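Protein chains: 2
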Amino acid sequence: MAELQILNLLLVLIAAWVGGMVAKRVGFPPILGELLIGILLGPALLGILETSEALNTLAEVGILFLMAYIGMEINFKDLGKASWAGLLAAIGGFVVPFALGYYTIIIFDGTQIAALFVGIAVGVTSLATKSRILVDLKLLDTRIAYVLMAGALISDTLALVIFAGIIGFVDVGSVDAAGLTWVAGKAILFFAAATLIGIYGFPLLGKLLSKTKTINRTFHFTIMVIIVLAFSELAEIAGLHGILGAFMAGLFIREGVFSRNVLKDVTIVFHDMSIGFLAPIFFVTAGFHVSLEVFQTDLVLLILIIAGAVIGKIVGTALFYLPSGYGWREGITIGTGMNGRGAVEIIIAGIGLQMGIITTEIFSILVFMAISTTLTVPLFLTWTTNWLRKRGELVKQDTRKGYLILGANPLGLYIAKQLKEHHEVVLIDSNKELIHEANEQGVTAIHGNALKEDTFEMANAIDKNTFIALTGNSEINLLATQLANNSFYIPNKIVLMSPDENAAGVNLLDPMDASSLFANKTDMAPWAYKISANEFKENIETVESDSTTREWVKERGKNKDILPILIVDENGHKRPFHFKDNISANEKVIYLE
Amino acid sequence: MAELQILNLLLVLIAAWVGGMVAKRVGFPPILGELLIGILLGPALLGILETSEALNTLAEVGILFLMAYIGMEINFKDLGKASWAGLLAAIGGFVVPFALGYYTIIIFDGTQIAALFVGIAVGVTSLATKSRILVDLKLLDTRIAYVLMAGALISDTLALVIFAGIIGFVDVGSVDAAGLTWVAGKAILFFAAATLIGIYGFPLLGKLLSKTKTINRTFHFTIMVIIVLAFSELAEIAGLHGILGAFMAGLFIREGVFSRNVLKDVTIVFHDMSIGFLAPIFFVTAGFHVSLEVFQTDLVLLILIIAGAVIGKIVGTALFYLPSGYGWREGITIGTGMNGRGAVEIIIAGIGLQMGIITTEIFSILVFMAISTTLTVPLFLTWTTNWLRKRGELVKQDTRKGYLILGANPLGLYIAKQLKEHHEVVLIDSNKELIHEANEQGVTAIHGNALKEDTFEMANAIDKNTFIALTGNSEINLLATQLANNSFYIPNKIVLMSPDENAAGVNLLDPMDASSLFANKTDMAPWAYKISANEFKENIETVESDSTTREWVKERGKNKDILPILIVDENGHKRPFHFKDNISANEKVIYLE
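Heads up: the sequence lines are chains Y and X, in that order.
Everything in the first sequence is counted per this note's numbering, starting at -5 for the first residue and increasing by one.
Everything in the second sequence is counted per this note's numbering, starting at -5 for the first residue and increasing by one.
Careful: at least some of the hints might be erroneous.
Just so you know, same-sequence chains aren't split out, so a pair can sit in one copy or run between any two.
[As the list claims (entries may be wrong)] Restricting the straight-line Cα-Cα distance to at most 27 Å, the calculated cross-link-like pairs of lysine-lysine (BS3-like) are:
| # | residue 1 | residue 2 |
| --- | --- | --- |
| 1 | Lys574 | Lys201 |
| 2 | Lys548 | Lys446 |
| 3 | Lys548 | Lys205 |
| 4 | Lys426 | Lys18 |
| 5 | Lys18 | Lys258 |
| 6 | Lys554 | Lys446 |
| 7 | Lys531 | Lys395 |
| 8 | Lys568 | Lys395 |
| 9 | Lys132 | Lys205 |
| 10 | Lys18 | Lys205 |
| 11 | Lys582 | Lys531 |
| 12 | Lys515 | Lys446 |
| 13 | Lys524 | Lys426 |
| 14 | Lys205 | Lys574 |
| 15 | Lys390 | Lys568 |
| 16 | Lys384 | Lys568 |
| 17 | Lys180 | Lys554 |
| 18 | Lys414 | Lys568 |
| 19 | Lys18 | Lys201 |
| 20 | Lys258 | Lys395 |
If you are wondering where the hints come from, they were derived from the structure by calculation, not from laboratory data.
Remember, it's a predicted structure, so these values are computed and weren't measured experimentally.
Build out the structure end to end from the sequences listed, making use of the hints.
Here you go:
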């Protein structure tokens, strides 16, 4: 096993891990740290690490699975939902920098094919650490986040399709009409075949697999690996690149086709194997191929490419975004958010280098472009969002909207009616009378067993943002929340926990990242009674300084005669009062007495 | 990415998958099918597939992770518990075939080092499809199964330690005292260092990791990969082989050191990545190196090695097993069960071939030895166990013993008292009075919240074989069963499900492979009342022909006035009546009326 050079692999992995971790700590995507540490420790600077055949093999396999994973993460539904605005942003953010990159290379006497490659690389979008930065800047529920996500998805897909279009022509030297048709025909055939197999073949396979009950997770995983490699080979046969096949395979490996549970596990293995092990090898070794001499020999080109990438992306996005009617300021904000380049760009640049389409200099420039554009994102995006925020132009929107509430008892109904003022609310309960009563009072309510997926599907759980479980039975609440979490991925989960000593403890909330409703164990029955008998008082209290729900409850000595139920923000929007929440100064707490 | 030759990798994987699946269907371990299809499609016969640098790299990485996974699956506790009998079987089953293999090679003019290699390969034990065959032959709860498991564990560990002893000397040509000391010293240093790091370093790391809450599964996985590679490198530095390091690392990556939840996920990824993807590449390509010419050129040696392996293993085991006092027949049965050779043998043979220690001929012989010995297992073991069974010498025993019952209500207590006649039974309940009552009546009962791990630990859940949840609240039953399943891996789970339409449905049992108590949704309260008021009749009915619990219940029209609670086998042993069980002719059903 001397060929494997365990030491080399080990060092590359440690480097990747350290680089990725440091980058993540500072708020950047791990890939940035991996590239930088590759440049630092590789031949370009310290020369401690070097590439090898074995590393290349692992990196290439890693990239295939990473592309498959990226495909798996793209949901057709999301693409379909991607608003007009997202489409505009994606196109503008791609076309303008693409053109700038292309012409820069042409002016600097590069080949047309190299120019096209650089164009794609410059046009690509990567959301820097996706949700992380959006969370940090408290953007997750804004329209910006929504457009950014959609824009990046479309942009990735667009870039890969154009990449497919170009790569087919690489081997064809002088192009005549027949040759062109042949190349384009093969590519189109590939996409048609892949789509047909994905749409009609996969569901058949899925059905077949679901019938053979003895078959386990590993078996499914092996099949997925084979599918990904088969699609890659199909792409190669069509004269395209394997990563396109892997990406297409990933697009079609999705829920509804294969069983939800199996898919979840398989996705974990794909994710960890590629992102946690193989793909970082690619990004670190990509750093090995970077030449620092470009700072001397090609400084002008380097600056022009980076400038073109940044300006092209931001201005292009803002320009094309105008027809959305959301204003040029929001367009610029979107542009700064989409300015990062990441995995897909480095993969495309790496393939270009490997195929001899671009030189080491151009490759190095593209790597530095990725690094510098990604570095701009947190900085620029903080500026632009603060700017929007100060002008009051930060519009809220969320792909998942509204509340799904389990428990149509008087307390649940009371909360539902208040949340309904600004949000979509659906109640579910197994008690027909309560459902009837809720519908009477104008609240959408659905009758069904809360521990069955059917009921959740009827209530459109997959589109809901928050799940509240407030039956009097903590265990039912917990089991239902597990379903909401595991099968419907509802991001926010709030659970009413009973104070009964023998009941389930709050320790069961942690694995689901759920929060405790009312920030305190609470007995539902007495409050439900008080509400139905109208024997309560609703108080509103304005909070004077920033605080947490925990402190609010603590200050009142966990008084059982007080029940904090909602927080009202400065715009009058209400949200439920629960354990994992902060209360800002001037927000109000509604509590019952 | 032309170097990767996706097509070749794809074909090898498909071959591995088909071979493995067919072998599994027919009741053999997948590795058998992988080896055979490698021989069939590789250069030896059809010549369709061939090896490549890339395949070798992936295979070698796969073997490292497979060894780490094998190590992870070995539990120190299990090794410690491994009975005197298991140790005897392991030693006898290793030493005798080792000696036969060694002297056969020496007689045939092989080098001493080659003879040692063959000795280990012949001595190794692999349980053919481990639990599968034990399930098929209904052996899971017998002493044989217990000894087999322990024997295979010890044998694997023994083989790897001896392998380490030998491999250190490979590079040392002529051995003088100083050289010997140096080689042995390095090996001992490695084991000491690895053990120290494992025992003292890992828990520190585990603590550190558990403190940094933001850190996720993938992060842990990457760290585990790095640890495995680091141990491999350490082994290589000590002049040993990387697989030893990976195995040692796996031994120390275990519960108590790292968080249970994280470890579970990480183990899944290790398992699927190695067994579902990379390791099969190794076994298929191992088949590529087999030469069929040995059937002409070395037929005598081939026959001698296989005969020595089979006879040595069975006779050796039986001989050394005598001091256990369990009789020579059981010894021979154990021997036939341990006669398979699998992953570890092929890996060792592959390393020998790669290092030039053994020739292609010897390698081929070892592969055929693995195939033929593994083929004997189901056949021989069926014979020997039937033989024991007919003589009434099939002794029951299980590593996990007894029942853990949640719910000390009258019904639970009633069942506990009956099961207690032949089994260990522990009751848990959160009601102190019920606990007191149970203890009064001579049943071990523990007070605590059934949804907390502490309570389960107090009740020694990790050693229990069956968990029964029969509180009146289905949801508590389900949550507790989840805990029993996910954190304490209790193999059999039986849950009382309430007939209440709004309660949790039986669909929630499937993911845990749990069964429904009484084979029917049942309301606990009325029966508990009847028992405590002594207003019931206990009937016993002998079943006339083989049937299932489902049919038993069905035949009585799901009569709510009858409650089948226990099945009594011919030896008078009782077991709870639940959905997933068969009733044999002449077994009795105890039911309440």
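> Looking back at the hints listed earlier, which ones does the structure fail to meet?
Replying inline: 4, 7 and 17
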